[in-house]
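Enquirer: Read in order, the letters of the sequence shown are residues 122 to 313 in the numbering used here.
One or more hints might be untrue.
Straight-line Cα separation of at most 30 angstroms, BS3-like style, residue types lysine-lysine; simulated pairs [what the hints assert, rightly or not]:
| id | residue 1 | residue 2 |
| --- | --- | --- |
| 1 | Lys224 | Lys203 |
| 2 | Lys166 | Lys140 |
| 3 | Lys128 | Lys224 |
| 4 | Lys202 | Lys299 |
| 5 | Lys203 | Lys140 |
| 6 | Lys166 | Lys203 |
| 7 | Lys166 | Lys135 |
| 8 | Lys202 | Lys166 |
Pairwise CB distance ranges, derived in the manner of DEER restraints [to be verified]:
| id | residue 1 | residue 2 | range |
| --- | --- | --- | --- |
| 9 | Thr144 | Leu171 | 19 to 25 angstroms |
| 10 | Arg204 | Glu264 | 50 to 56 angstroms |
| 11 | Glu300 | Thr158 | 49 to 55 angstroms |
| 12 | Ala236 | Asp276 | 21 to 27 angstroms |
| 13 | Pro194 | His243 | 30 to 36 angstroms |
| 14 | Pro176 | Arg204 | 58 to 64 angstroms |
| 15 | Arg182 | Gln263 | 19 to 25 angstroms |
| 16 | Thr158 | Ser295 | 20 to 26 angstroms |
| 17 | Gly268 | Ala164 | 56 to 62 angstroms |
| 18 | Ala164 | Arg141 | 50 to 56 angstroms |
| 19 | Ser218 | Thr144 | 16 to 22 angstroms |
For the record, the hints were derived by calculation from the structure and aren't laboratory data. All C-beta atoms in this analysis are idealised placements derived from N, C-alpha and C, irrespective of residue type, glycine included.
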Amino acid sequence: MAENSVKLVGPRLKSWREKRSMTLAELSRITGISASTLSRLEAGKRAPNLELVVPIARALRLELDDIVPQAAPDPRVARTKKRVGEIQYETLSPESSPVQTYKVTLPANPDGATAVPDPRVHDGHEWLYVLSGRLRLVLGDQEVTLGPGEAAEFDTRLPHWLSATGAGPVEMLSIFSKEGKRIHLRARPAAK
């Protein structure tokens, strides 16, 4: 157990005991551990050990994992870059995530504003956010140009096509769900 995890065992035991509406005396009677020892353990004045923690866990109907906090895994995403033709994709989400996030760089295309689109379709739902450059999005019969700070969301079963529209590349964030689920943002309502 890491030192910080050990310090949290006592308070976690106390919290679980109180959630079970159990007094120190009741826990002492069930476990055979004196109430004073339990009190010192909960206050962090007694180091936890298996002889104490296992009977307490049984009495509180807990697994040891409920008592000993687990170290948080490293939250950083291992980023990879890949090229498909001239388009560069940089992963921003774990491969196992149900929603894939990428930083996408489309190459400069001075003719992008007038190029004949070659739309594609596939299952899913995509949300785009333009970081830099100008993006031409053709979606079915509709066509829009997006600049930095603008976003678009669409069902990828509609024919769609993307291109830079100028001398510079387009950098954008792409969030893609293969299941076709729309992106749901949770936000608190604005204070009135």
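Enquirer: For every hint, state whether the structure bears it out.
Expert: Hint-by-hint comparison with the structure:
{"no.": "1", "hint": "Lys224 to Lys203", "verdict": "holds (11 angstroms)"}
{"no.": "2", "hint": "Lys166 to Lys140", "verdict": "holds (22 angstroms)"}
{"no.": "3", "hint": "Lys128 to Lys224", "verdict": "violated (41 angstroms)"}
{"no.": "4", "hint": "Lys202 to Lys299", "verdict": "holds (20 angstroms)"}
{"no.": "5", "hint": "Lys203 to Lys140", "verdict": "violated (50 angstroms)"}
{"no.": "6", "hint": "Lys166 to Lys203", "verdict": "violated (54 angstroms)"}
{"no.": "7", "hint": "Lys166 to Lys135", "verdict": "holds (13 angstroms)"}
{"no.": "8", "hint": "Lys202 to Lys166", "verdict": "violated (51 angstroms)"}
{"no.": "9", "hint": "Thr144 to Leu171: 19 to 25 angstroms", "verdict": "holds (24 angstroms)"}
{"no.": "10", "hint": "Arg204 to Glu264: 50 to 56 angstroms", "verdict": "violated (26 angstroms)"}
{"no.": "11", "hint": "Glu300 to Thr158: 49 to 55 angstroms", "verdict": "holds (52 angstroms)"}
{"no.": "12", "hint": "Ala236 to Asp276: 21 to 27 angstroms", "verdict": "holds (23 angstroms)"}
{"no.": "13", "hint": "Pro194 to His243: 30 to 36 angstroms", "verdict": "holds (32 angstroms)"}
{"no.": "14", "hint": "Pro176 to Arg204: 58 to 64 angstroms", "verdict": "holds (59 angstroms)"}
{"no.": "15", "hint": "Arg182 to Gln263: 19 to 25 angstroms", "verdict": "violated (58 angstroms)"}
{"no.": "16", "hint": "Thr158 to Ser295: 20 to 26 angstroms", "verdict": "violated (57 angstroms)"}
{"no.": "17", "hint": "Gly268 to Ala164: 56 to 62 angstroms", "verdict": "holds (59 angstroms)"}
{"no.": "18", "hint": "Ala164 to Arg141: 50 to 56 angstroms", "verdict": "violated (18 angstroms)"}
{"no.": "19", "hint": "Ser218 to Thr144: 16 to 22 angstroms", "verdict": "violated (45 angstroms)"}
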